[in-house]
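These protein sequence lines map, in sequence, to chains Y and G. Taking the numbering used here, the leading residue of the first sequence gets 1, the next gets one more, and so forth. Taking the numbering used here, the leading residue of the second sequence gets 1, the next gets one more, and so forth.
Misleading hints may appear alongside valid ones.
Below, a list of computed lysine to any residue pairs in the SDA-like style, where the Cα atoms sit at most 25 angstroms apart [unchecked claim]:
1. 274/G with 159/Y
2. 274/G with 245/G
3. 79/Y with 276/G
4. 49/G with 86/Y
5. 123/Y with 49/G
6. 264/G with 159/Y
7. 274/G with 98/Y
Keep in mind the hints are simulated off the structure, nothing from the lab. Please read these numbers as outputs of a predicted model, since none were measured by experiment.
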Amino acid sequence: MSSSNPLRDPADRRLPRIAGPSGLVIFGVTGDLSRKKLMPAVYDLANRGLLPPGFSLVGFARRDWEHEDFAQVVHDAVKEHSRTPFREEVWQQLIQGMRFVQGTFDDDDAFERLRATIDDLDKAQGTGGNFAFYLSVPPKSFPVVIQQLKKHQLADQSSGSWRRAVIEKPFGHDLKSAEELNAIVHEVFAPDQVFRIDHYLGKETVQNILALRFANTMFEPIWNRSYVDHVQITMAEDIGIGGRAGYYDGIGAARDVIQNHLLQLLALTAMEEPASFDADALAAEKTKVLGAVRLPKDLGRDTVHAQYAAGWQGGAKVIGYLEEDGIDAKSKTDTYAAIKVGIDNRRWAGVPFYLRTGKRLGRRVTEIAVVFQRAPHSPFDTTATEELGSNAIVIRVQPDEGVTVRFGSKVPGTSMEIRDVSMDFAYGESFTESSPEAYERLILDVLLGDANLFPRTEEVELSWKILDPIEEYWDKHCVPARYPAGTWGPVEADEMLERDGRSWRRP
Amino acid sequence: MKTDLTDTTASKINKALVLGRRAIGTPAIGMVLTLVIVTDEENAYDALKAASDAAHEHPSRTLVVIKRVSRSPRDRTKSRLDAEVRLGADAGTGETIVLRLYGDVVDHAQSVVLPLLLPDAPVVVWWPVNAPLDPAGDPLGALAQRRVTDTYACEEPIRELAARAEAYAPGDTDLSWTRITPWRSMLAAALDQVDCEVRSVEVEGEEYNPSCELLAMWLADRLDVPVQRTASEGPGLTAVRMDTDCGPVVLDRADGSLATLSVKGQPSRAVALKRRETAELIAEELRRLDPDDTYASALRYGVNRLNAPGTSAKGNSGDGDGDGAVAVPAPVEAAAKAPAKEAAREKAPVKKAAAK
């Protein structure tokens, strides 16, 4: 790649960032994620003109498919799930670089065939030896695939070309397993070759946290313990575990969601301003704040885990967790988890961060609520401000992406009465109906080698350090509480906040 | 919902907007810009349709200013403003106000538009046809951060381009320039892949399509090599051939949708390069509202300097099929490069004056 391309000019902002010559190899290409997210994302990128000419997509799976069958599957997946309209000429561009390699993960021949396919693509499509390996595989197949890549020299970067590995959560199930996993990956791929996908970080709203905080002047001065009373980070799902019993039982909500998504959101909300907007500077600040996270002294008092019981969810009768197919009737796995943590630094000392997540809650919503202290003095009498709550800034991550500011306002009328009102910024209203999917952004970043939005090894390990003691405590000391499906969690969680004189927001 | 106002004023229109918003139950507005479309009755429908498609990406208040032709002296002395306020489902994601101007007020359109602009939000003016020769100097253009013209819709695109270069002010842009973004991006990607020096370029496309000239000027400006503009049957741009010191790099699109990129020593690859709809062009135009310096630089290269003699003269007499260069008669310059640079230097003061 020539660095001195005269047609490139930083001032020319119309020209999009196009990935250089490259290809993507997907392991586990028959899976749900691949069909619903990855294939459509690749098509959407091509449709937006962001993929290089000759971009190649290689599928690897056990199915006995020909290249044409694979292309047909991609075609159907794209037609059904892509965000942008289907266009024949874009498809014609993509289909030329589509290959399928049949085999199991322990099949040496298959990996040799994969290598031959890649060499062939370099010749036929000009991919220049640059390939990203997307491991959309179950955790147990992980070490095998990584070792196979090494054994067949697929991970070797020759002069001027790159090889990258893209891996999905779970990044282990505790600190020890995470370290083992990292050791396995890093034995084959160097740290800068590994991209860990946390699809939350690819969302526009999450990137907007940084814009909101660091591009504006009106928020940052109050973004500290002098004004903030507490922060609530919620990720609620209305669905149950569905068909994921095998994966979910024994893992639970905290490991599935708090360890990665919620702690990443916490890091972005609480971190100091990075020196620049590059991967190293961002990782430095995130690591610093995750390292400063302090657990409560009494874990029994300040954490809650629970399971959903049978109930009514949005007008449909649903069964409880223990009655789900494939779940042990004595399972202690949490489908709801709420924890309180503090951050030991000058900005946040004494400000609790409440994190909660759960399945079968009221509705699907993810949000970060920064709740402010009450005014130190009010010139109005108490009856006037009776209905006034605390001011809050709520970053709505999904759905209905946007930001809400809540503050008090006078109710029209002759008496002085102040009530909460909210002011809304909705993405859908101010910008685009069609902001890119998280996976589009993340796949493009992998091809460009831009690691801004990917958590690093240290961040993953720090998150496990935060969660491990809590999981151990739950394992030893208590049985999960119960909450009826379709509600906002167990009473124990409400009591946990009541003890602090606070209450959960109804998102 | 739709409200018709006959013989009205801007303040009555504002009142209708507030009432309309209340009636459909959305008192809050989250629009990010005002798009003013200045057009005649004939082109209003298409332009408005493109704008409302683009509004899916950029919720905006769209003001369509339609200047009606007066057919008698009596008509000309009477002035009248009719308005049609569209909200909610009738206006896509934003608000649309169609303004019909009759008589004298045609020359004072800015007085109608000014009170209807969104507070503290950027203004974009788009002339689908009949753009003024000096957009920034136009009373409506002066209200805007961004002035979008379209030389494609002109009688004499080449002359129009020269005029645009003369009158350029930061914030000017042209849809003919927007149309070639995919080409530019693909050509830049092609040069990313080879480490070669470009010696000369040929841009081939249909006649009377200023996009070809703009692409040629951009290439000439960035690469500093002679660029030849040749004509073909179209549609639109059909090919760019770059002669480099490691062989030709050719991007060829015969059918207006799927192109082939061939680089010497590399396999040929298919590239989707579809000609885009006006709505997509407007959406791209609205994405960034800061001055487009690359456009300015390409435009100022000067359309007359394309097809510099030497390469082109020979090529023309060679084919003899009349399919050669189509640029306007340019003052003959003895050598390709040196005088061209001088010409640029001479032109510089003029540009500054225009851009002030």
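Cross-check of the supplied hints:
1. Of the pairs offered as hints, the one joining residue 274/G and residue 159/Y is violated, with about 35 angstroms between alpha carbons and a cut-off of 25 angstroms exceeded.
2. A threshold of 25 angstroms between alpha carbons decides the hint, and for residue 274/G with residue 245/G the separation of about 30 angstroms lies outside it, so the pair is violated.
3. Simply put, residue 79/Y and residue 276/G have alpha-carbon atoms about 21 angstroms apart, close enough for the 25 angstroms limit, and the pair holds.
4. With a CA separation close to 21 angstroms, the supplied pair residue 49/G and residue 86/Y stays within the 25 angstroms bound.
5. Among the hinted pairs, residue 123/Y with residue 49/G is inconsistent with the structure: their alpha-carbon atoms are about 46 angstroms apart, more than 25 angstroms.
6. For the proposed pair residue 264/G and residue 159/Y, the alpha carbon gap of about 21 angstroms is at most 25 angstroms, so the pair holds.
7. Between the alpha carbons of residue 274/G and residue 98/Y the distance comes to roughly 21 angstroms, so the proposed pair stays at or under 25 angstroms and holds.
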